[in-house]
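**Q** Starting from the known structure of chain A, arrange chain B on it as the hints suggest.
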Amino acid sequence: MTALDEVKIGGLGASRLRVEDQRFVRGRGTYLDDIKLPGMLYMEIVRSPLAHARITRIDTSKAWQIPGVRLVLTGEMMAQRNLAWMPTLSYDTQAVLATDKVRFQGQEVVVVVADDPYIAKDGCDAVEIDYEPLPAIVNPEQSAAPGAPIIRDDKPGQTDNTCYRWEVGDREATERAFAEADVVSSLKLHYPRSHPSPIECCGAVADFDAGTGKLTVYMTTQAPHIVRAAVALIAELPEHQIRIVSPDIGGGFGNKVPVYPGYVHAILASILTGRPVKWIEDKTGNLISTGFGRDMYLDAQMALRRDGKILAVRMHADTDQGAFFADAQPSKFKVGLLHSAFACYDIGIGYITAQGHYTNKAPGGVAYRCSFRVTEAMFFQERMMQAAATDLGMDQAEFRRINLRRDDAFPARTPFGFLVDSGQYHKCLQVGLDAIGYDQFRREQAAAREKGRLLGIGISTMTEPLGAGNSREYDILGIKMFDSAELRVHLTGKAILRTGARTQGQGHETTWAQIVAHELGIPADDVVVEEGDTDTAPYGMGTYASRSTPVAGAAVSMAARKVRAKARKIAAHLLEVSEEDVEWELGRFYVRGAPERGASIQECAMAAYSNMPDGMEPGLEATAYYDPPNLTWPFACYIVTVEVDPETGVWDVLRVVAVDDCGVRINPMIVEGQIMGGLTEAYAMASMQFQTYDADGNMIGANYMDYLLPTAWETPGFELHEVVTPCPHHPIGAKGVGECAAVGGPAAFVNAVIDAIGDAGVRNIDMPLLPDRVWTALQTRQSVSGAPPVGRS
Amino acid sequence: MSFSKTVEITETSADTRRITVTVNGTPRVVEVEPRLLLVHLLREGLALRGTHIGCDTTNCGACTVLHDGNPIKSCTMLAVQADGHEITTVEGLGTPSELDPVQEGFHREHGLQCGFCTPGMMMAARALLDREPDPSEEDVRWALSGNLCRCTGYQNIVKAVLWAADKQRGAQPAEEDAR
Numbered sequence: 119m120t121a122l123d124e125v126k127i128g129g130l131g132a133s134r135l136r137v138e139d140q141r142f143v144r145g146r147g148t149y150l151d152d153i154k155l156p157g158m159l160y161m162e163i164v165r166s167p168l169a170h171a172r173i174t175r176i177d178t179s180k181a182w183q184i185p186g187v188r189l190v191l192t193g194e195m196m197a198q199r200n201l202a203w204m205p206t207l208s209y210d211t212q213a214v215l216a217t218d219k220v221r222f223q224g225q226e227v228v229v230v231v232a233d234d235p236y237i238a239k240d241g242c243d244a245v246e247i248d249y250e251p252l253p254a255i256v257n258p259e260q261s262a263a264p265g266a267p268i269i270r271d272d273k274p275g276q277t278d279n280t281c282y283r284w285e286v287g288d289r290e291a292t293e294r295a296f297a298e299a300d301v302v303s304s305l306k307l308h309y310p311r312s313h314p315s316p317i318e319c320c321g322a323v324a325d326f327d328a329g330t331g332k333l334t335v336y337m338t339t340q341a342p343h344i345v346r347a348a349v350a351l352i353a354e355l356p357e358h359q360i361r362i363v364s365p366d367i368g369g370g371f372g373n374k375v376p377v378y379p380g381y382v383h384a385i386l387a388s389i390l391t392g393r394p395v396k397w398i399e400d401k402t403g404n405l406i407s408t409g410f411g412r413d414m415y416l417d418a419q420m421a422l423r424r425d426g427k428i429l430a431v432r433m434h435a436d437t438d439q440g441a442f443f444a445d446a447q448p449s450k451f452k453v454g455l456l457h458s459a460f461a462c463y464d465i466g467i468g469y470i471t472a473q474g475h476y477t478n479k480a481p482g483g484v485a486y487r488c489s490f491r492v493t494e495a496m497f498f499q500e501r502m503m504q505a506a507a508t509d510l511g512m513d514q515a516e517f518r519r520i521n522l523r524r525d526d527a528f529p530a531r532t533p534f535g536f537l538v539d540s541g542q543y544h545k546c547l548q549v550g551l552d553a554i555g556y557d558q559f560r561r562e563q564a565a566a567r568e569k570g571r572l573l574g575i576g577i578s579t580m581t582e583p584l585g586a587g588n589s590r591e592y593d594i595l596g597i598k599m600f601d602s603a604e605l606r607v608h609l610t611g612k613a614i615l616r617t618g619a620r621t622q623g624q625g626h627e628t629t630w631a632q633i634v635a636h637e638l639g640i641p642a643d644d645v646v647v648e649e650g651d652t653d654t655a656p657y658g659m660g661t662y663a664s665r666s667t668p669v670a671g672a673a674v675s676m677a678a679r680k681v682r683a684k685a686r687k688i689a690a691h692l693l694e695v696s697e698e699d700v701e702w703e704l705g706r707f708y709v710r711g712a713p714e715r716g717a718s719i720q721e722c723a724m725a726a727y728s729n730m731p732d733g734m735e736p737g738l739e740a741t742a743y744y745d746p747p748n749l750t751w752p753f754a755c756y757i758v759t760v761e762v763d764p765e766t767g768v769w770d771v772l773r774v775v776a777v778d779d780c781g782v783r784i785n786p787m788i789v790e791g792q793i794m795g796g797l798t799e800a801y802a803m804a805s806m807q808f809q810t811y812d813a814d815g816n817m818i819g820a821n822y823m824d825y826l827l828p829t830a831w832e833t834p835g836f837e838l839h840e841v842v843t844p845c846p847h848h849p850i851g852a853k854g855v856g857e858c859a860a861v862g863g864p865a866a867f868v869n870a871v872i873d874a875i876g877d878a879g880v881r882n883i884d885m886p887l888l889p890d891r892v893w894t895a896l897q898t899r900q901s902v903s904g905a906p907p908v909g910r911s
Numbered sequence: 070m071s072f073s074k075t076v077e078i079t080e081t082s083a084d085t086r087r088i089t090v091t092v093n094g095t096p097r098v099v100e101v102e103p104r105l106l107l108v109h110l111l112r113e114g115l116a117l118r119g120t121h122i123g124c125d126t127t128n129c130g131a132c133t134v135l136h137d138g139n140p141i142k143s144c145t146m147l148a149v150q151a152d153g154h155e156i157t158t159v160e161g162l163g164t165p166s167e168l169d170p171v172q173e174g175f176h177r178e179h180g181l182q183c184g185f186c187t188p189g190m191m192m193a194a195r196a197l198l199d200r201e202p203d204p205s206e207e208d209v210r211w212a213l214s215g216n217l218c219r220c221t222g223y224q225n226i227v228k229a230v231l232w233a234a235d236k237q238r239g240a241q242p243a244e245e246d247a248r
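Sequence order for the protein chains is A and B.
In case it helps, my numbering puts the first sequence at residues 119 to 911.
In case it helps, my numbering puts the second sequence at residues 70 to 248.
Source of the hints: derived by calculation from the structure; they are not laboratory data.
All C-beta atoms in this analysis are idealised placements derived from N, C-alpha and C, irrespective of residue type, glycine included.
You may find that some hints are simply not true.
Unchecked claim - Here chain B is said to cover these stretches of chain A; the calculated rule only asks that three of the stretch's residues, wherever they fall, bring their Cβ under 8 Å from a Cβ of chain B:
| # | region |
| --- | --- |
| 1 | 616-630 |
| 2 | 822-828 |
Stated by the list, open to error - Per label pair, the in silico range of CB-to-CB distance:
| # | chain 1 | residue 1 | chain 2 | residue 2 | range |
| --- | --- | --- | --- | --- | --- |
| 3 | A | Ala262 | B | Thr145 | 38 to 46 Å |
| 4 | B | Asp152 | A | Asp243 | 23 to 31 Å |
| 5 | A | Pro205 | B | Asp137 | 51 to 59 Å |
| 6 | B | Ser205 | A | Pro205 | 53 to 61 Å |
| 7 | A | Thr148 | B | Pro103 | 29 to 37 Å |
| 8 | A | Leu351 | B | Asp199 | 24 to 32 Å |
| 9 | B | Glu207 | A | Asp248 | 51 to 59 Å |
| 10 | A | Ala262 | B | Glu100 | 53 to 61 Å |
Stated by the list, open to error - Here are some, though not all, of the chain B residues that point toward chain A, as calculated from beta-carbon distances under 7 Å:
| # | residue |
| --- | --- |
| 11 | Val159 |
| 12 | Gln182 |
| 13 | Gly184 |
| 14 | Arg210 |
| 15 | Leu217 |
Chain A on its own, in the form it takes in the complex (with noise of 0.2 Å):
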């Protein structure tokens, strides 16, 4: 007997083609909108076209008076069922519709729900609203100015418009350090308000069937359970009662965790209504009122030895969270991770202090495709670095090796409590830099610049920490952050899979299976993957901040242990052994000393429903719920090239080189996808995407027109590298992936064009570097904010 290729079975390693795309190619997926029930209605939403302001009047005898308008709800009727607010995720509340005033341009404030939405729309248009205008608040300087007006004035003893305060870390031995340092170098940056902006937008289709009390909704969610546990606690319907079944998802990067007012609305339109509800947004209203990232204010300053040892770091955020503190996250931190800042380099000593804005911007703040806050940390520190190697008359390269942490330094504390675990960091970095030639590109910058020419390199080095997570940083609602697999292995050696995260294009319908075939060499190809419907699949948080391998995918190998070890029971029976005389190769269970006589896993299968041992109940399943003990620490190295044209502010990628240390990978294929689509954001946030306010509180970027996505034109070419450390606590040594790039990426763009731009004086551009911004920065020789109020242009 040979054992199995575990490769050619599909198992851990194998860059297999993935199942999911069989239906997709055809375009056979079913994505929300594809979900059409016998009788539904359709639903749409008046949002209010001002940031901030009083209601005095709606209206909406005309909409009712529409043929076809089947329900017209108002704040007022949303109130009369104590539903014109929910509580958030972050134990403050929300509007879910307008009662008293509106706070933020698109808050939505009458709902019309039509035969078709194209009735809906009319419905819409014919609801007449007056607003008294309050003066606008756009920004955390706005919002703590004496006088300011009060948005929350909703809120009991609300006296300002501060959200919240939080600190971390050791304010005097900081000071102290300071206080010894031989430089002490600072930083201000805003990290600008970006959308996640899925190409499928949020929408739900909500069925009540009033005969049996069953609430089925068809939602674009990220996190089934979640949602499932949110409608319990605010509708106050029994759990058993509530069905959240999410379809396939046209993309969701932590844009589709939050619960929206929207759901709600559809929700209570089907109970009223007794039929099905469909609800999706449009563009608009997806980028105008759903969950924003990032949007923070930092201001830092690190203390430093004169032979570029970090000594301390200080920092202060100033978030601004918009009309409620609405944040999708579930860390038991304000600020979310945003104290992960820092954390692979070798630095002891630190203290953050946090503090929340309101203000007259669209509400929830999510994980744009990071752990929350972890990419303003990332972003922050490597920024920070640029500039402390600069004030230090040193290397980049060099002063990020004096500092990083060293392969025997782990397990290691980070002064904000953090443990890393794991990671080769200098080798990381090393790779990189040989990649890109880093000495050769020095030399060909220094000749470029004799010649008029600004050429430039960025380096960005980061660990972060992924898979949400252990008890000790997370929980949400309460409860922890577990996840969840169930596989059942038929008779013929075929299998199921559920699991407690939902995958939005990250193809868990592959690389679960995959796991399967790695555990139990049951061929990846025998393995169906189910998820994503609350009534089948186990209890599970969903997936977001890189959190389905460290978790679900830990749980995955866990059942798959479990019926392992179950199988091994059957084997010694088939085999007239005793079990402790049965040895394990992939696929087979065989004789110890004697290797030809064995059983298939299938053959156990099959033993189990037709010839299991004496008093051994039948069947081949299990359950695994995995409660992650820490975070896994990915480790990346990104290095950007660029040219700055000096006439003009117009930059040009000449390289991206991605050195990613995520762990195992499970496939390859699937993980080099995603280190691409992040650093395609990396390389949107630095560039063009990003979402502003002017004075009134008008958002800017509220369509594709003003909110500017990368296309294939623009978007540079990728060189992927990778470096392998086994994470020390996950089942096959996995770490999250899915953020990485988005995280590490951005700031290795800003520091090469501010490395090409070579000014002392410009320490700063705030992202995106917009031509105008970088030309700017050029011709004043001083650091360019990006910060709103700005002019409608």
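**A** Below, chain B alone, put in the same frame as chain A:
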């Protein structure tokens, strides 16, 4: 096909027009409201749900179909404007048993993740290969620049289209697909 000869879009549509649109090779005669968008005719009226709606503003290209062989965005064309024309959707690519080379290329080169932009992206690619069987990478990037993808970063999409071009011309597809 009789079920779709008349499309009842609303109970109250007093003012409708009868149009004939040839969709994936089959003439379809339908009654539509003048304001009905082509994408809604395809998705709701004719139950061809492979064409997706992304942005409503002609930017994202998820709704790209071929109109007399040219890629257009069906969210910004009225159904009545398609009267007398030929429309090809993703359902018209390949056959149930044999994929179009573009479809196969997207699968082989991991040119899709969530799959939402994929039908539109493939239709734009199909139109390119119909007029340029041997495109350069630059040709592909330009031809797809009206279609947004948020997942892939485009690199594998470009490879997928080049793979399809090779396959279609009978050239040996790139070695890399032998994963």
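**Q** Are the hints correct? Go through all of them and say.
**A** Hints and how they fare:
no.	hint	in the structure
1	616-630	holds (count 4)
2	822-828	holds (count 3)
3	Ala262/A <-> Thr145/B: 38 to 46 Å	holds (44 Å)
4	Asp152/B <-> Asp243/A: 23 to 31 Å	holds (27 Å)
5	Pro205/A <-> Asp137/B: 51 to 59 Å	holds (53 Å)
6	Ser205/B <-> Pro205/A: 53 to 61 Å	holds (55 Å)
7	Thr148/A <-> Pro103/B: 29 to 37 Å	holds (31 Å)
8	Leu351/A <-> Asp199/B: 24 to 32 Å	violated (54 Å)
9	Glu207/B <-> Asp248/A: 51 to 59 Å	holds (54 Å)
10	Ala262/A <-> Glu100/B: 53 to 61 Å	holds (60 Å)
11	Val159	holds (4 Å)
12	Gln182	holds (3 Å)
13	Gly184	holds (3 Å)
14	Arg210	holds (4 Å)
15	Leu217	holds (5 Å)
Against the hints set out earlier in the document, a violation occurs for number 8 only.
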